Amino acid sequence: GAVVSQHPSRVICKSGTSVKIECRSLDFQATTMFWYRQFPKKSLMLMATSNEGSKATYEQGVEKDKFLINHASLTLSTLTVTSAHPEDSSFYICSALGALRTEAFFGQGTRLTVV
Amino acid sequence: AQTVTQSQPEMSVQEAETVTLSCTYDTSENNYYLFWYKQPPSRQMILVIRQEAYKQQNATENRFSVNFQKAAKSFSLKISDSQLGDTAMYFCAFMMIYNTDKLIFGTGTRLQVFP
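Residue numbers (this note's numbering), protein chains in the order written: chain A, 2 to 116; chain B, 299 to 413.
Just chain A, with the same shape it has in the complex (with noise of 0.2 angstroms):
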């Protein structure tokens, strides 16, 4: 199957700092990438579609200044958390449309803790 590369697994920075997670997929070309937001024992909530080579669409609600999408390749899209604060403290889950965008792929998520 199709192989989805989240990076990095854990992460902790200070309060006030960015910190970038990179979504990879290793062995097809992506299109079309999903950034997910999920809090402890809760569902995925979508916070934006990546679209290579254009804007991200975000969910309402979702601050497009605070978390910054960028698609630049069709293989990589990155999120970045600006100016992060404890509340912005989760899991970060990214995946991927397949090249026949039947099904999705996932990276293994980002734990996020800000201090």
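No lab work stands behind these hints, which were simulated from the structure alone.
A few of these clues could be false.
Simulated crosslink set (DSS-like; lysine-lysine; CA at most 25 angstroms straight-line) [what the hints assert, rightly or not]: (1) A/Lys21 to A/Lys65; (2) A/Lys42 to A/Lys56; (3) B/Lys371 to A/Lys56; (4) A/Lys42 to B/Lys353; (5) A/Lys43 to A/Lys65; (6) B/Lys400 to A/Lys67; (7) B/Lys376 to A/Lys42; (8) A/Lys67 to A/Lys43; (9) B/Lys400 to A/Lys43; (10) A/Lys43 to B/Lys371; (11) A/Lys15 to A/Lys56; (12) B/Lys400 to B/Lys353; (13) B/Lys353 to B/Lys376; (14) B/Lys400 to B/Lys371; (15) B/Lys376 to A/Lys65; (16) B/Lys400 to A/Lys21; (17) A/Lys43 to B/Lys376; (18) A/Lys21 to A/Lys67.
Ranges between beta-carbon positions, derived for each pair [what the hints assert, rightly or not]: (19) B/Glu313 to A/Glu88: 22 to 30 angstroms; (20) B/Lys353 to A/Arg11: 24 to 32 angstroms; (21) B/Asn329 to A/His8: 42 to 50 angstroms; (22) B/Gln410 to A/Phe40: 39 to 47 angstroms; (23) A/Ser55 to B/Glu327: 17 to 25 angstroms; (24) A/Glu23 to B/Tyr396: 34 to 42 angstroms; (25) B/Thr303 to A/Thr103: 18 to 26 angstroms.
Please read these numbers as outputs of a predicted model, since none were measured by experiment.
C-beta: ideal position from N, C-alpha, C; glycine also.
Chain B: place on chain A using the hints.
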């Protein structure tokens, strides 16, 4: 907007028994995919089964099968011969085939398989 609802926050089943997880969804679209994903303690999302809305036949993958009722907008997952390794969170998910690409998840059902 599309919504996905899972009304069972927690379920339990004895090993080797059968369990059914419920999912309902709401959409005005006619062409879409439905999925069941499994999230074990590692938090890696794993695709269990996929159903295309245009197919009347229910999807089956080994011990996993679905009961897809399009008119009722219902999509339940049956796990036969439950195994200890089936213990996980199970998420029902919806994705449109055309137009907007969004993969939306239900609230999840925590399944515990007891020996």
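A quick look at each hint next to the structure:
1. A/Lys21 to A/Lys65: holds, 14 angstroms
2. A/Lys42 to A/Lys56: The given pair, whose Cα atoms are some 31 angstroms apart, is violated under the 25 angstroms limit.
3. B/Lys371 to A/Lys56: violated, 33 angstroms
4. A/Lys42 to B/Lys353: Violated, at about 33 angstroms.
5. A/Lys43 to A/Lys65: holds, 22 angstroms
6. B/Lys400 to A/Lys67: Status holds; Cα separation ~21 angstroms.
7. B/Lys376 to A/Lys42: Answer holds: B/Lys376 to A/Lys42 is near 22 angstroms, not above 25 angstroms.
8. A/Lys67 to A/Lys43: Since the Cα atoms of A/Lys67 and A/Lys43 sit roughly 22 angstroms apart, the hinted pair holds (cutoff 25 angstroms).
9. B/Lys400 to A/Lys43: The given pair, whose Cα atoms are some 19 angstroms apart, holds under the 25 angstroms limit.
10. A/Lys43 to B/Lys371: holds, 23 angstroms
11. A/Lys15 to A/Lys56: violated, 28 angstroms
12. B/Lys400 to B/Lys353: holds, 20 angstroms
13. B/Lys353 to B/Lys376: holds, 18 angstroms
14. B/Lys400 to B/Lys371: Holds, at about 18 angstroms.
15. B/Lys376 to A/Lys65: Given that 25 angstroms is the threshold and the Cα spacing comes to 39 angstroms, the pair is violated.
16. B/Lys400 to A/Lys21: holds, 23 angstroms
17. A/Lys43 to B/Lys376: holds, 22 angstroms
18. A/Lys21 to A/Lys67: holds, 12 angstroms
19. B/Glu313 to A/Glu88: 22 to 30 angstroms: violated, 41 angstroms
20. B/Lys353 to A/Arg11: 24 to 32 angstroms: violated, 40 angstroms
21. B/Asn329 to A/His8: 42 to 50 angstroms: violated, 35 angstroms
22. B/Gln410 to A/Phe40: 39 to 47 angstroms: Taking Cβ atoms as reference, B/Gln410 and A/Phe40 lie about 21 angstroms apart, which means the hint is violated.
23. A/Ser55 to B/Glu327: 17 to 25 angstroms: holds, 23 angstroms
24. A/Glu23 to B/Tyr396: 34 to 42 angstroms: violated, 29 angstroms
25. B/Thr303 to A/Thr103: 18 to 26 angstroms: Check passed, 23 angstroms falls within 18 to 26 angstroms.
Comparing the model with each earlier hint shows violations of hints 2, 3, 4, 11, 15, 19, 20, 21, 22, 24; every other hint is respected.
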